[in-house]
Structure formats: structure tokens, C-alpha cells
Amino acid sequence: MQAKHQRNAYFLAWSLGPLFIFLTAVFLGPFVYMLWLSFTDLSFAAPDRTGNFMGLDNYSRALWHDEVFLGSLARSAIFTLLSVSPEILIGIIVAEILYTRPIAQRLLSPLFALPVLLPTVVVGLYWRIMLQGEFGVVSYYLAELGLPAAKGILSNSHTILITLALVDIWQWTPFVALVLLAGRSSLPRAPLEAALLDGASQLRAFVDVTLPGMLPTVIVIGLIRAVDSFKEFDKVFILTGGGPGNASELSSIYAWRVAFRRWDFGYAAAICVLIYLLLYAVSQGVLSKIHVGARR
Amino acid sequence: MKLRRILLATSLSFACFVLVCVIIVPILWGLLISLKTRVDALSTPPRWIFTPTLANYQAAFVEGPYAQPLLNSLVIAATSSVLAMLLGTPAAYAFSRSRFKGRRAAFLSILTVRLAPATIIALPLFRIFTKLQLIDSYAAIILVHTGVSLPIAVWIMKGFIDEVPLEVDEASLLDGDSRFGAMMKQVLPICIHGLLVTAAFCFINSWNEFFLALMLTGYESRPFTVAVPALVTPHGTYWGQVTAISTVALCPGLLFAVFARRYLVREVTGGAVWR
Amino acid sequence: MSTRIWARYVLATGLLFPLFCGSCGKPAAQQGSKQANPSTTSVQKASWTLGENAKPYSGKTIRLIGEDYPPLQAIEKLKPDFEKATGIKVEVERYEAEAVLQKIAFDLNSKTGRYDLIIQVYFDMGRLVTQKQLRPMADFLAHPTLHNPAFDPEKDLFPLWKTMGWYEGKHYGYPMMALTMYTWYRKDLFDDLKEREAFKSKYGYELGPPADWKQYKDIAEFFTRPTQNFYGTLVQGKKHMALWQEYLNFLYSFGGAVMDTRDPSHYGPIVINSPQAVVATEYYKSLLKYSPPDSLNFTWDDALALMQQGKVAMCLMWSDSTYALEKPTESKVAGKMGYAMAPKGAAGRIHQIGGQSYYIPTTSKNPEAAYLFIEWMLQSDIQIGQQKLGGASARKSTYETPEVLKLPWTSAGIAALDHTHPAMLYTVPESLQIGDVIQLAISDALADRKPVQDALDWAALEIKKVVGEKAVLKYQPK
Numbered sequence: 001m002q003a004k005h006q007r008n009a010y011f012l013a014w015s016l017g018p019l020f021i022f023l024t025a026v027f028l029g030p031f032v033y034m035l036w037l038s039f040t041d042l043s044f045a046a047p048d049r050t051g052n053f054m055g056l057d058n059y060s061r062a063l064w065h066d067e068v069f070l071g072s073l074a075r076s077a078i079f080t081l082l083s084v085s086p087e088i089l090i091g092i093i094v095a096e097i098l099y100t101r102p103i104a105q106r107l108l109s110p111l112f113a114l115p116v117l118l119p120t121v122v123v124g125l126y127w128r129i130m131l132q133g134e135f136g137v138v139s140y141y142l143a144e145l146g147l148p149a150a151k152g153i154l155s156n157s158h159t160i161l162i163t164l165a166l167v168d169i170w171q172w173t174p175f176v177a178l179v180l181l182a183g184r185s186s187l188p189r190a191p192l193e194a195a196l197l198d199g200a201s202q203l204r205a206f207v208d209v210t211l212p213g214m215l216p217t218v219i220v221i222g223l224i225r226a227v228d229s230f231k232e233f234d235k236v237f238i239l240t241g242g243g244p245g246n247a248s249e250l251s252s253i254y255a256w257r258v259a260f261r262r263w264d265f266g267y268a269a270a271i272c273v274l275i276y277l278l279l280y281a282v283s284q285g286v287l288s289k290i291h292v293g294a295r296r
Numbered sequence: 001m002k003l004r005r006i007l008l009a010t011s012l013s014f015a016c017f018v019l020v021c022v023i024i025v026p027i028l029w030g031l032l033i034s035l036k037t038r039v040d041a042l043s044t045p046p047r048w049i050f051t052p053t054l055a056n057y058q059a060a061f062v063e064g065p066y067a068q069p070l071l072n073s074l075v076i077a078a079t080s081s082v083l084a085m086l087l088g089t090p091a092a093y094a095f096s097r098s099r100f101k102g103r104r105a106a107f108l109s110i111l112t113v114r115l116a117p118a119t120i121i122a123l124p125l126f127r128i129f130t131k132l133q134l135i136d137s138y139a140a141i142i143l144v145h146t147g148v149s150l151p152i153a154v155w156i157m158k159g160f161i162d163e164v165p166l167e168v169d170e171a172s173l174l175d176g177d178s179r180f181g182a183m184m185k186q187v188l189p190i191c192i193h194g195l196l197v198t199a200a201f202c203f204i205n206s207w208n209e210f211f212l213a214l215m216l217t218g219y220e221s222r223p224f225t226v227a228v229p230a231l232v233t234p235h236g237t238y239w240g241q242v243t244a245i246s247t248v249a250l251c252p253g254l255l256f257a258v259f260a261r262r263y264l265v266r267e268v269t270g271g272a273v274w275r
Numbered sequence: 001m002s003t004r005i006w007a008r009y010v011l012a013t014g015l016l017f018p019l020f021c022g023s024c025g026k027p028a029a030q031q032g033s034k035q036a037n038p039s040t041t042s043v044q045k046a047s048w049t050l051g052e053n054a055k056p057y058s059g060k061t062i063r064l065i066g067e068d069y070p071p072l073q074a075i076e077k078l079k080p081d082f083e084k085a086t087g088i089k090v091e092v093e094r095y096e097a098e099a100v101l102q103k104i105a106f107d108l109n110s111k112t113g114r115y116d117l118i119i120q121v122y123f124d125m126g127r128l129v130t131q132k133q134l135r136p137m138a139d140f141l142a143h144p145t146l147h148n149p150a151f152d153p154e155k156d157l158f159p160l161w162k163t164m165g166w167y168e169g170k171h172y173g174y175p176m177m178a179l180t181m182y183t184w185y186r187k188d189l190f191d192d193l194k195e196r197e198a199f200k201s202k203y204g205y206e207l208g209p210p211a212d213w214k215q216y217k218d219i220a221e222f223f224t225r226p227t228q229n230f231y232g233t234l235v236q237g238k239k240h241m242a243l244w245q246e247y248l249n250f251l252y253s254f255g256g257a258v259m260d261t262r263d264p265s266h267y268g269p270i271v272i273n274s275p276q277a278v279v280a281t282e283y284y285k286s287l288l289k290y291s292p293p294d295s296l297n298f299t300w301d302d303a304l305a306l307m308q309q310g311k312v313a314m315c316l317m318w319s320d321s322t323y324a325l326e327k328p329t330e331s332k333v334a335g336k337m338g339y340a341m342a343p344k345g346a347a348g349r350i351h352q353i354g355g356q357s358y359y360i361p362t363t364s365k366n367p368e369a370a371y372l373f374i375e376w377m378l379q380s381d382i383q384i385g386q387q388k389l390g391g392a393s394a395r396k397s398t399y400e401t402p403e404v405l406k407l408p409w410t411s412a413g414i415a416a417l418d419h420t421h422p423a424m425l426y427t428v429p430e431s432l433q434i435g436d437v438i439q440l441a442i443s444d445a446l447a448d449r450k451p452v453q454d455a456l457d458w459a460a461l462e463i464k465k466v467v468g469e470k471a472v473l474k475y476q477p478k
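Protein chains in written order, with the working numbering: chain A, 1 to 296; chain B, 1 to 275; chain C, 1 to 478.
Rather than coming from a laboratory, the hints here were simulated on the basis of the structure.
Watch out, some of these pointers could steer you wrong.
Simulated pairs of lysine-lysine, DSS-like, Cα-Cα distance not exceeding 27 Å [stated by the list, open to error]: (1) C:LYS89 - B:LYS131; (2) A:LYS4 - B:LYS185; (3) B:LYS131 - A:LYS289; (4) B:LYS131 - C:LYS111; (5) C:LYS132 - B:LYS131; (6) A:LYS4 - B:LYS101; (7) C:LYS77 - C:LYS55.
Counterexamples of contact, computed for chain B against chain A with all Cβ distances above 10 Å [said to hold, decoys possible]: (8) ILE6; (9) THR53; (10) LEU71; (11) GLN186; (12) LEU188; (13) SER246.
Calculated Cβ distances over 12 Å to all of chain B for the following chain C residues [said to hold, decoys possible]: (14) THR49; (15) SER58; (16) TYR205; (17) LYS214; (18) THR224; (19) GLN276; (20) VAL467.
Even for Gly, the Cβ is constructed at its ideal location relative to N, Cα and C.
For reference, chain A alone in the conformation it holds in the complex:
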């Protein structure tokens, strides 16, 4: 018993030790600093605000007096929902289609990597030139097809979040499909074959057997995508700058504006901590839905 215990400790030490040593060494300091900053008034514009402690002022301001911030949180949430849910849905379907068609899989999987090989800033620039109302190729053909509104697609404050979500969907869906395909490939075949032998239809078997099997992968990739999408900055900043007005001002753009336009680093830190806490809580909630550990 003693030996087994020791062996287990040894196992944990070499497998988890380096990871946590690394994370603590590189990030603990900066993280604590950010936390501390959020209780201060540090500003890069006012010489008397050198980082004096001011308790929870920043937090109460953000939560009770700053409608712009709360609005930006809501927009981030909407943007995340609009972008990640189609990505996962289409991803699952495409993964299933590719799984059952090895030739298509062989031909298409490299193509599916293309959009994510363009960095996000470049994706923003590509779509800017394609959606630009006067010389954009996409807006031009959409207008030709009888959608004259496409000529002002980035100027429309009502639909801008949808437009931006579509760009995000273009960028990430193929890769999500690839990850899900890998997850799909790991599933044992026997249960599915058994279900089919029992006379279940293809669709039934997919819903009853395959989908639950893929669920852990789906949740993990969904969570990682959702976190990234909630923090989306590069594409939106290039495409709209948060406008028109603040119609597409996501929380990360607002945080940037507080830091680099108002130079209010204390307040920006508080906003970042709040975003962090929100995402942490959501992640914890999602995590409790999946098993941490192999299924027995």
C-alpha cells in the first residue's frame, strides 16, 4: 500500500509538477500584480495617480455606475453565442460527414486548416477589404444578387454583431470540425455497430450513441472557443473599431479603450479581473458537467 502510494505521488510529481512550476513561475507574479492594480488608481495620464490604494472603488464603479461596461459585457455574450453555437453545430455535422467519407476527408482536411492559418488580425484585414462597401468583392456580389444593403454592411449598427459573428464562424468552424473529427475518430466503433445491428436508423444511432460519446470533446472545444470569442479583440477592432457608435464594442475593446485612451490602468485592471471572474465562473459551471477523468 505504502509503495503504491509513493508510486502515485511520484507519478503526479513528474506529470503535473513541471506544468504548475512553469505556470507559477511565469504567471503568478503578473497575475497578482493585475489583481493588486485593480484596487489602485494607477493612471498613465495623471501624474498624481501613481497607484494609490483605493479599495473597492474601481469595482463599485464598474458594477454600479458604468453602463457602457455592462453593455459591452452583454454584447460580448451575444457575440459569443452568435459565433460559437453555429461553429459547434456545423462542426459536429461536418465532422460526421467527413468521418464517413474517407476520400473527402483526405482531400478536404488540409483545406479546413486554411482559415486558422491566417492570424486573426489578417482575417480582420481580409474581411475588411472583402466587405468594404465600395470595393469589396463580397459586398459587390451580394448587392448584385439583390441585396443593396450589403453595400453598407459594416456601417449597419443593427446587424453588425451578426456580420462579425459570421466572420468568426468563417475563421473557426473548419478547425472546430477537424478537432471534432479527431474526437470522433477516437470513439470505439462497437457500440455504434451494435446499435445499427439492432435496427436503429443512421440518424437515431448518431444521436443516441455517437453524440453522447463526443460530448466531452464538444464541451471542451466549445468552452475554449467561447472563452476566446468572449475576449475577441483583433478582428472587431480592425473591422469596426467598436462602431458604429458602440454597437460592436465588446468588453475587451472597452477594456482596451479604458487602458489606452483614458490611460486608466487601475480601472482597466478591475474590468479585466471582472471579465476573468465571469469567465472563471462559467468555466467552472461547464466543467462540473463533464467528468474529470477517464470513464470506467
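Starting from the known structure of chain A, fit chains B and C onto it as the hints suggest.
Positioned in the frame of chain A, the structure of chains B and C alone reads:
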């Protein structure tokens, strides 16, 4: 019945075709713009037929400084994803196979670095790495990108390892292998496709990142995500160069994807034995 | 597994941290911050030569950072001459505009001292000065060897150098660029007989470069032909610095202002919601009808591109990018353009002043060498060289050379520089923040998310919040 089958197959192929078009057209359009003069690139109606020119490639890579940032990006992304996989895979294995107190909290805490918006965390990181004089080398940004990639490495890898039945390890342990041996010899070969996809995800993660890279690199070590926005100038965006650099930047990843695709197919994984 | 092991990890990490980082740190190769003390005894010579006076700094390296566009690229092309003459090495870091702002902020506020010379938008000057991050130029001007007596900024530079380099009566920088905005118009269409006739019969006066804002709107309306994909004018309406700076032309020309002051480094009563400002904003918004449908996403970038494609008849645009419109390889309208001053409003013709200035940070490790470089860049022949590579020189003599004089846009640019308001873009520490408020307010107004009056009232209140006790509201918002 047969008719329905054919209909279904046709519609599926058609859907695939549309999907591929949607994925590929923007990238092809970028390629076309990179071969156009500015006048052609911004013309309406869009020009599909034009006299191609390599001037943009020359401006970006021969006269301009953009070869170095591309190389920097490759080095940073490759190193940080290898590091993340080296640190992350054993951890993922441990999270999958072992139970201990505080496991859930530990598992979640890995995500921490990824959850915090970069805007503020960049400031202390900048101060520390400047003190350590690591800004002008790749070290600072590689370390930070490794940290940001770790949740991907651990979380997704764990998902793949979870799929491997415990009997595989147990058999290996009974044969006298250590835990490490079981992981290396038995478990990882089975989920090699997962390993590849996860590493690719980490690579893309670093390849894509902008803000931390801006703050934590020097001019000579800046990756191309930082260099390319400089082409958006008050004297117009140099669209030709933006697309030329981006088109070239696609090549290494695309080559990798072509070579790696066979590993996506499950028959090659060697795991067929236990199924 | 016990929690003790975790505690041990954390402990071990604390010990490992310095070790870990120490091992990857590369040796401090940068030269120390010790300053070569120039011999103050040297007698000032009648003829000042660069090589002689730069001797104490020979072998040093200065690092400068700025926004990546032709004027800065020009510096990179011109610098070998300076390096040869002085033995001082110049390293130029070129980034995108926002990146420059962020890198400089991190560097200066962390007292890192990476940059010896910064090229920064001038309206951010006050923020740097109040934080004691800029060296006053008086230090160098009083220095026995650094300042070339032949250079007299007061006489040699345009008066805007005061706006761009002085803060509260003290001298901190020199302009790298003297930018302004004026009217770009399609001369070929304005000269076309058929168009002229049609215009006259419709509006009752001759078609020509717009003299006032009413004419500007008439002409814009006249040329707006959406079915032919041709528009009368364009508005740079994206929530972006471009909107803020274009809008100010209208605001000030109509007799409005953001704050009522003529000194950019001083606050004045907040008047952004004055009746004149409302008229100006309503007018500005009314131009959207004659501007392409995607105008709320346009910046100077799109403005230039659309003009180059010949899709717009006339607009207000920046002087420095004019050359790109006259480049036949990039533009369909090269040789077909005319340039004129901005139309007259209630307050006359008023043109925006923009651009970046050279500043020397207090953390600079080689301030003397950096100063030598600034003065060298401002020499007349170097200024002409920079101008040819795509600049907009702040030195008067540049515009007296035949090559520059014969360019079709030079006269409009010089006239525009004569008709400016010294305080359109403030240099007070909150300048960028004020600009951010204006961008948002005007963007809201243009997008019809708020009525003009409400948007401006909101802007007034926000600016009041930003500057606090330093300024009062002149017009109480409802």
C-alpha cells in the same frame, strides 16, 4: 429508397462543395489581390482577369522587412507549441488517469492564464521581462505563449486520452512498465491523431496572437502579426503586400496539414487492436 | 494526495523563479547609461560642423520609434548620411499607429529607457510632459555644441511648430510632419463643359472649387449618381481617429469648438454642445446623403482608396497623402485632380493641423545624440529629401524649391497652413480621451443612434467628467 439515397448523397456533396467554396474563396481572393496592382485590387466590379505582377512580393520580401517577422512567427509558434505539449501531455495523462484531492480546482486553474484579457496582464509581464532583458530575444514571448497554449494542450489532450480504455494502461503496467512507459508506449500512440490536432491548435494559438506579442518582443524579434498591421498606414493600406505576406504565411501550415492528414484517419493509429 | 505536496510545489516555484529566469537572461550587452560628458570648455566656432560636434557621441546607438509610413521610411533611407558624418548609429523601429502609442506608453511609464527618440502624435504631448517624461529642448539649445546656430526654428519652421512642440510656454519637441487637410476635387469633371452647364442651370452659379459650405453641399448633391456608383463627397465616419480629426474641420469652420481656447495646452469652457456645434454637426451628418453607403466605416484609408479609384468628386483630405493620388501606378485620377482650401464657414476657412513630432524622453540613454539627429533631419536639404519620399515638411524652405513648388497641390497646402486654428487638437493630458468622446458622440449621431443635440450634450458631460474642475460647461445640457 435508392432514389432517396442518391438524393441525399448529392445534396451532401453539394453542401460540401458550398462549404469548401466559402472556406477557400476569401483565401483565393487574397492570392489574387497579392498579384494585382493597387488600381486593379480596388476596382469595381471586381477584376478576375488582369495582368499579374509580383511587385507586391518584391516590395514585401525583397525591399521590405517582412521575411524576418515570418520566420520569427514560425520559431515562436513552433517552440511554444512543443513546450506546451511537453508540459501539457503528461499533465493531461495524469488528470485522466489519477484521482487526487483538489484535482478539479487544479484542472480549472490551468485555464487562468487564458481567461484574463491580455490588456492588463501584458503590463507586469512587460516589466518583468524587460528587467530580465528577454524582450529582444524570443524567450519572453515563447514563455508567455506556452502558458496561453497550456489549457488547450491539457484540456483537449485529456479528452483524447480519456477515450483510451484504462485496460490499455493496466495491461502495460502489469507487463512491468512504469507509468511513464505506459503513457509513451501504449497510450500516446493510440491517440496520435489527437496529439497532432492538439499540437496544431497550440501552434495556431501562438501564430494568431497579437497583443502580447506586440508588447513582449523587440523590433527584430517581432512576429508577423505585429508587423503586418504596419501596412495599414495613413497613406492607404498596402493591400497587395498584406495579402502577399499572408499568402506566403499560409504555406508552412498548409504543407504540415497535407502531411499530417493521414494521421487523422483512425485506421493508421494502431489502436485497432483493442477495439 | 495530500495538499502538502501542492504547498511544496508552490514553495519550490518561488525558489526557482529567479533561477529559471536568470538562466535564460542574456548578458547585459546594451551600453551603460553613463553619459559622455562633452567638454564644455570648447569654444563655440563660427562655423558649426556636425562631424566635429558629434565626436563625443561617435559610436553610440540611438533607437527611435514611430508610425510606419513613408515619412518614417524616408528617415530610414536618409539616415546612412547621418551615420557616416557622425559615427552615431540610428535604429528605426516602425509600427502601426496604435502599436506605437502603446509601446511608448509601456516604455516611458515603466522607465525602461529603450527609446532615445520618439516620434509621437503631437496631441499626446501634454500627457507625457505632465508625467515628466519629456526632456525640455532648452537643455540642448543652451548646450555649447549641440545646437547649430544656423538653425532658427522660429524663422525656419511654420508657425504650427509652436502648437506641435510647445507645452505651457516650454519647448519640448520639433514637428516631423506639418499635416493639414484641404479640398481634393476632380478638376477634369469641374472643368467639363457639359457638367458646368448643367450645374449652372440647376444652381445658378458657376461650378468651381467650393467657396463655402453651401456650395460644397450643392456640388456634392450635383455629383451624387448612385446608379453610376459615383458620389459627390465622402465622410470618414468610422469610429476612429480619422472621424475626430475630419469632424474638427467642420466644427471650427462653423464657429464651434470643443473647448473655448486658443492655447492647445490650456483648458477653456466646454462648448462642444454650442448652437454652432449643433449646426456644424447637422451639416456634417447631412453630407452622408451624398457619400457612399458604407461611410460609417470609412477612415482616411478608404477616402484615399475611393478617390484613387475616381469614385468620388470631392472631399476633405490630408495634405501628406496627396502624392499617392497623383501616382499613376496607384491611382486612376492622376493628373485629373485639383486642390483648394477648405470651404468658408461662419468662422472663415479653417484647416486641421495634424502630425507627429520628435520628442526626447527623459529616460533616453543618449539624449545628446538624439538631439543632433533631430536637427540634422530638420536641415533644408534633408527635409527636401524626406518630402520627395512622401513627407509633408514643416520647414518653409522645402516649399521654395522648384521641384516641390511645381507640384499641383503645394499651393493649396501652404494656403491651408496659413488658415488654421492653433487649438483644434489639444495637447492637454486628456487629449486622446477627449478625442475618444468626440468620436463616439459623432459616430452615434451619424448612425442615427442619437439626435445630434443629445449626442453633443452627452459629449459635453463626458468631457466635463474627463477634465473635472479644470473646465466648466458653458452650455448646460438639458
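Hints versus structure:
1. C:LYS89 - B:LYS131: Within the cut-off at roughly 24 Å; holds.
2. A:LYS4 - B:LYS185: holds, 21 Å
3. B:LYS131 - A:LYS289: violated, 43 Å
4. B:LYS131 - C:LYS111: Cα-Cα ~11 Å, so holds.
5. C:LYS132 - B:LYS131: The hint holds at about 22 Å.
6. A:LYS4 - B:LYS101: holds, 17 Å
7. C:LYS77 - C:LYS55: holds, 23 Å
8. ILE6: holds, 15 Å
9. THR53: Its Cβ never comes within 10 Å of chain A, the nearest being 18 Å, so this holds.
10. LEU71: holds, 15 Å
11. GLN186: The assertion about GLN186 of chain B holds, with a minimum of 14 Å to chain A.
12. LEU188: Holds, since 13 Å exceeds 10 Å.
13. SER246: The claim is violated: SER246 of chain B sits with its nearest Cβ about 5 Å from chain A, within 10 Å.
14. THR49: holds, 32 Å
15. SER58: Check passes; 23 Å lies beyond 12 Å.
16. TYR205: holds, 33 Å
17. LYS214: holds, 30 Å
18. THR224: holds, 17 Å
19. GLN276: Consistent with the label, GLN276 of chain C stays out of reach of chain B, its closest Cβ about 29 Å off (over 12 Å).
20. VAL467: holds, 24 Å
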